[in-house]
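Trainee: Listed below are the residues making up each chain.
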Amino acid sequence: MKRRWKFCFLAFVWVGVISFGTLSFAEKGPSILNKVGKAAGAAIKAVKTEGHPEVSEQEKLTPCFECHKEATPDIEKEWYNSGHGIANVKCYQCHGTFENMKKVPSDDNCYVCHANAKNHTKPGKTCWACHPAHNFPVKKK
Amino acid sequence: MGLSRREFLKRTAALTAASYVGLELPFTLHKEASAADVDKWVRGSCRLCGVGCRLDLGVKNGRGVALRGVPESRTNLGYLCMKGMLFYKVMGHPERLTKPLYREKKDQPFKEISWDEALDIAAKKFAGAVTAYGNDSVAYYGSGQALTEETYIFQKVMRGGLKTNNVEGNPRLCMASAVGGYLTSFGADEPIGSYADIEKAHCFFIIGSNMAEAHPVIFRRLMRRKLDNPDKVKVINVDPRVSPTSRIADMHMQFKPGTDLAILNAMAYVIINEKLYDEKFINDYAVFRMGKEKKQVDFAAYKKFLEDYTPEKAAAICGGNITPEKIRTAAHWFAKSPATMSLWTMGINQRKRGVWANNLIHNLHILTGQLLKPGADSFSLTGQPNACGGVREGGGLCHILPGHRLVKIEKLRNQVEEAWGIPKGRIPPKPGYHTVAMFEAINAGKIKAIWINCTSPAQSLPNADKYRKGMSREDCFIVVTDIFPTKTTELANLVLPTAFHFEKTGVYGCTERRSQLTPKAIDPPKGAKPEVWIVREWALRLAKELNDPVIKQCVAPFIGKEEGYELPKAIWDEYSQKLTKNRDNDLRGATYEVLKSMPDGVQWPAPTEAFAKTGGTVKKFVRGIDPLADKEAKDDKPYQFYGPAHKDRKLWIWLRPYKGPAEAPDAEYPFYLSTGRIIDHWHTTSMTGRIPELMRANPYAYVEVNPADAKRLGIKPGDMVEVESRRGKNVLPAKVYEGPIEGMVFVYWHDMHEDRMINRVTKDAYDPGSKEPEFKICACRIKRVSGPKPLKPYIVT
Ligand code: SF4
Numbered sequence: 713m714k715r716r717w718k719f720c721f722l723a724f725v726w727v728g729v730i731s732f733g734t735l736s737f738a739e740k741g742p743s744i745l746n747k748v749g750k751a752a753g754a755a756i757k758a759v760k761t762e763g764h765p766e767v768s769e770q771e772k773l774t775p776c777f778e779c780h781k782e783a784t785p786d787i788e789k790e791w792y793n794s795g796h797g798i799a800n801v802k803c804y805q806c807h808g809t810f811e812n813m814k815k816v817p818s819d820d821n822c823y824v825c826h827a828n829a830k831n832h833t834k835p836g837k838t839c840w841a842c843h844p845a846h847n848f849p850v851k852k853k
Numbered sequence: 003m004g005l006s007r008r009e010f011l012k013r014t015a016a017l018t019a020a021s022y023v024g025l026e027l028p029f030t031l032h033k034e035a036s037a038a039d040v041d042k043w044v045r046g047s048c049r050l051c052g053v054g055c056r057l058d059l060g061v062k063n064g065r066g067v068a069l070r071g072v073p074e075s076r077t078n079l080g081y082l083c084m085k086g087m088l089f090y091k092v093m094g095h096p097e098r099l100t101k102p103l104y105r106e107k108k109d110q111p112f113k114e115i116s117w118d119e120a121l122d123i124a125a126k127k128f129a130g131a132v133t134a135y136g137n138d139s140v141a142y143y144g145s146g147q148a149l150t151e152e153t154y155i156f157q158k159v160m161r162g163g164l165k166t167n168n169v170e171g172n173p174r175l176c177m178a179s180a181v182g183g184y185l186t187s188f189g190a191d192e193p194i195g196s197y198a199d200i201e202k203a204h205c206f207f208i209i210g211s212n213m214a215e216a217h218p219v220i221f222r223r224l225m226r227r228k229l230d231n232p233d234k235v236k237v238i239n240v241d242p243r244v245s246p247t248s249r250i251a252d253m254h255m256q257f258k259p260g261t262d263l264a265i266l267n268a269m270a271y272v273i274i275n276e277k278l279y280d281e282k283f284i285n286d287y288a289v290f291r292m293g294k295e296k297k298q299v300d301f302a303a304y305k306k307f308l309e310d311y312t313p314e315k316a317a318a319i320c321g322g323n324i325t326p327e328k329i330r331t332a333a334h335w336f337a338k339s340p341a342t343m344s345l346w347t348m349g350i351n352q353r354k355r356g357v358w359a360n361n362l363i364h365n366l367h368i369l370t371g372q373l374l375k376p377g378a379d380s381f382s383l384t385g386q387p388n389a390c391g392g393v394r395e396g397g398g399l400c401h402i403l404p405g406h407r408l409v410k411i412e413k414l415r416n417q418v419e420e421a422w423g424i425p426k427g428r429i430p431p432k433p434g435y436h437t438v439a440m441f442e443a444i445n446a447g448k449i450k451a452i453w454i455n456c457t458s459p460a461q462s463l464p465n466a467d468k469y470r471k472g473m474s475r476e477d478c479f480i481v482v483t484d485i486f487p488t489k490t491t492e493l494a495n496l497v498l499p500t501a502f503h504f505e506k507t508g509v510y511g512c513t514e515r516r517s518q519l520t521p522k523a524i525d526p527p528k529g530a531k532p533e534v535w536i537v538r539e540w541a542l543r544l545a546k547e548l549n550d551p552v553i554k555q556c557v558a559p560f561i562g563k564e565e566g567y568e569l570p571k572a573i574w575d576e577y578s579q580k581l582t583k584n585r586d587n588d589l590r591g592a593t594y595e596v597l598k599s600m601p602d603g604v605q606w607p608a609p610t611e612a613f614a615k616t617g618g619t620v621k622k623f624v625r626g627i628d629p630l631a632d633k634e635a636k637d638d639k640p641y642q643f644y645g646p647a648h649k650d651r652k653l654w655i656w657l658r659p660y661k662g663p664a665e666a667p668d669a670e671y672p673f674y675l676s677t678g679r680i681i682d683h684w685h686t687t688s689m690t691g692r693i694p695e696l697m698r699a700n701p702y703a704y705v706e707v708n709p710a711d712a713k714r715l716g717i718k719p720g721d722m723v724e725v726e727s728r729r730g731k732n733v734l735p736a737k738v739y740e741g742p743i744e745g746m747v748f749v750y751w752h753d754m755h756e757d758r759m760i761n762r763v764t765k766d767a768y769d770p771g772s773k774e775p776e777f778k779i780c781a782c783r784i785k786r787v788s789g790p791k792p793l794k795p796y797i798v799t
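One line per chain: the protein sequences are A and B, in this order.
Heads up: the first sequence begins at 713 in the numbering used here, then just goes up one per residue.
Heads up: the second sequence begins at 3 in the numbering used here, then just goes up one per residue.
For the record, the hints were derived by calculation from the structure and aren't laboratory data.
Watch out, some of these pointers could steer you wrong.
As the list claims (entries may be wrong) - Once the Cα atoms are required to be at most 25 Å apart in a straight line, the calculated SDA-like pairs of lysine to any residue come out as: (1) B:718 - A:821; (2) B:580 - B:633; (3) A:830 - B:226; (4) B:791 - A:766; (5) A:814 - B:41; (6) B:718 - A:775; (7) B:615 - B:190; (8) A:851 - A:779; (9) A:772 - B:679; (10) A:781 - B:722.
Using the sequences plus the hints, can you model the full thing?
Mentor: Structure follows, in structure tokens:
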């Protein structure tokens, strides 16, 4: 069997291929706590193409964030410092795995944990129109 | 704050994709319906951990197709972790067992047989063993994942029918030390408080628990409390390994594995010597005790005992980053916060001195009065969804009967015999084999037939090879009831396919004394049967084989009942109404009807339906909150400790010395080995390994090596490393990571592959009190064997 070592190559390719939109808050907060709930980010541009760039079966056994640390560092950072990141809510819980992957998940994924949020979602709006991915800030009441 | 992102990444970054090179996955993918696209939602509980999250199963065309959290539930407030989101994929999985499988000898291939044949064989083998070798030649080994109705009926048939207390289960491997701790410190098993304390606590003392991975949704509640109150709430994390839990910590105390008893005594020293204790609380409610004889001593004797544990002396014992200053700070935070909540799990329980470690945590709470008030509790986290409800309360261990009754007390045995309508003296007075002793008895040829239900000891026992050898003996007939093939079905003679969660009805009791019903929502795959049906039919055959009407009497109330709902309901009614009546876990109010009407079940004690409908008892022992505290009150004090184990109705502060692990590192085996759970997988991966998202997230176990050790031994990320103890070895990919303290390695225990099954390496020493094995610490040596290798995820099919 052929061993493949494409990590760096992949990272390079993915930076080019995956366009999650520009994120404006790449700064590092002094601590995780200060960042959560404060950062506001640009809305994510919906991406037409569903799915993931082709990778081998071997590479599919890599936790998403391992590659995305390099491929989409800003997104990975936002996630990591968010409530989701601290609570270990992982990429695949919203985006699925390779065969059922959605670059832009449906709101239904949010409602698995945030069912009550349905009550205040404005018609025609997505959850992340108000709570930008991937840190999903929430206004304190 | 504990670790900044930069620090944390730096620590983890050493892991590269190289350690994940792999081949085909052992599963195929299926198209699922979207969550919105369902016919109905059916409310139940999560199948997969001790948190007890409440969820709805989405059903479409008779199949489970989605899961979502229940926001009104007081356990999870609507949140689920990835396992709770995805376990519907287990239902209808093509590899589900659907036919009874049998082989006379363990080296033969299995052949499919009918249920009639299977039940006949099971009855003949057990009856034959009893006749030829006596009642204690048969055994039941169950699970903290079995429904309460299942554990209850199994143990009823074993004790009342087959006259043996050889009833054990995997909660011995995770909870027994917590049981011992609660009984000896507070006089009653299970936590006093609830998850609801989390939102009222100002200091969290997390010790021996990576709850971020092992109890994700409870961790989320702590995280939220901390994030919303970054300055008001302090988090202390005490663990030889920096884990994802450490991310919310203000202070991480890292020490040589096994030395935490010294830290706990040193904190008590500071509390006493700096007068941080609550004198009135101690005078009103506590006594000091020591030794096997439980001798009562005075405050001065306790103070003197603690002189061996000055912060300076303890810091010298503990090593790592433990300084006298850290110990003092922790003691101050703990004692002075408006409300302190301790949380722990296997790092404390799976220890040679697990009960003592539990006692020492309870001591801190009793000394400071950080107990019984809102937000303050000494709270043991349970690992499995029904270890508390089914096994601790339902009589699933060799020394306990249903309703927290001890086997050895005749009056209590008689109460059970009377409730069951069987002759007095039918239940033998001697407790059966505890888990390690039970599998040792198999090794010694003393057990001729064992029924293993819903668990995989071939993978989950410590020093597993030793016990697998015994389990492969031809003179021990093994029945396994499960939904998938496992490492244990590989050693069975008879494999019986069972219904999964939501394919049958029953109750789970989670960590916080809360019982929750999961009703049947879909049919099991054709051929798979609920355990309660299996046990009933088996018992009827046993009665014939042994010509013993008492065995039939054990299942007589259940004959003819429909298996999906009526049968478990009748079993629950008998258990809750007759066996928990006037016990501290009084569940008489928690009928199926009431449980169905609640978004999140009922916390015991709940003696009446009217009280159960309020949700039950949020805090035990508090008058005005706990109905038993009012009923059992002996004076005017607000707290009443009516638990069955302390006749003096006091909390006991224990003088427990520091003791190290059973096997400390030495020149030959210089490293500590510890093991634990990973968030994406449940136990032995027979379920989660078949869910593609979960398997891909963590396809292999790896060994975590501290960078300083890795550098010394020339180990690079992804290298294959041999981890060897006196018992066995593994070869795993390395993750070089400042997680474990220098001199310690850590391995997740879910992997089924022979090379990466870490329980082949762990040690089976156990706590002399609780009989719980010391999974968490043994000595090993490590060496690099090669660079990264392609690996294949593996599950038994
Ligand atoms: S935290 Fe435990 S109970 Fe809750 S969803 Fe996850 S596995 Fe299930």
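Trainee: If a hint holds in the structure, say so; if it doesn't, say that too.
Mentor: Consistency of the hints with the structure:
1. A threshold of 25 Å between alpha carbons decides the hint, and for residue 718 of chain B with residue 821 of chain A the separation of about 38 Å lies outside it, so the pair is violated.
2. At roughly 19 Å between alpha-carbon atoms, residue 580 of chain B and residue 633 of chain B fall within 25 Å of each other, so this suggested pair holds.
3. For the hint linking residue 830 of chain A to residue 226 of chain B, the alpha-carbon distance of about 21 Å falls within 25 Å, and the restraint holds.
4. Between the alpha carbons of residue 791 of chain B and residue 766 of chain A the distance comes to roughly 22 Å, so the proposed pair stays at or under 25 Å and holds.
5. Among the hinted pairs, residue 814 of chain A with residue 41 of chain B is consistent with the structure: their alpha-carbon atoms are about 24 Å apart, no more than 25 Å.
6. Restraint check: the Cα-Cα separation between residue 718 of chain B and residue 775 of chain A comes to about 19 Å, which is no more than 25 Å; the hinted pair holds.
7. With a C-alpha separation of about 24 Å, the suggested pairing of residue 615 of chain B with residue 190 of chain B holds against the 25 Å cut-off.
8. The hinted pair formed by residue 851 of chain A and residue 779 of chain A fails the criterion: a straight-line CA distance of about 31 Å is larger than 25 Å.
9. Between residue 772 of chain A and residue 679 of chain B the CA atoms are separated by roughly 22 Å; this keeps the pair inside 25 Å, and the hint holds.
10. Using a Cα cut-off of 25 Å, the hinted pair residue 781 of chain A and residue 722 of chain B holds, with the two alpha carbons roughly 24 Å apart.
When the structure is compared with the earlier hints, violations turn up for hints 1, 8 and for no others.
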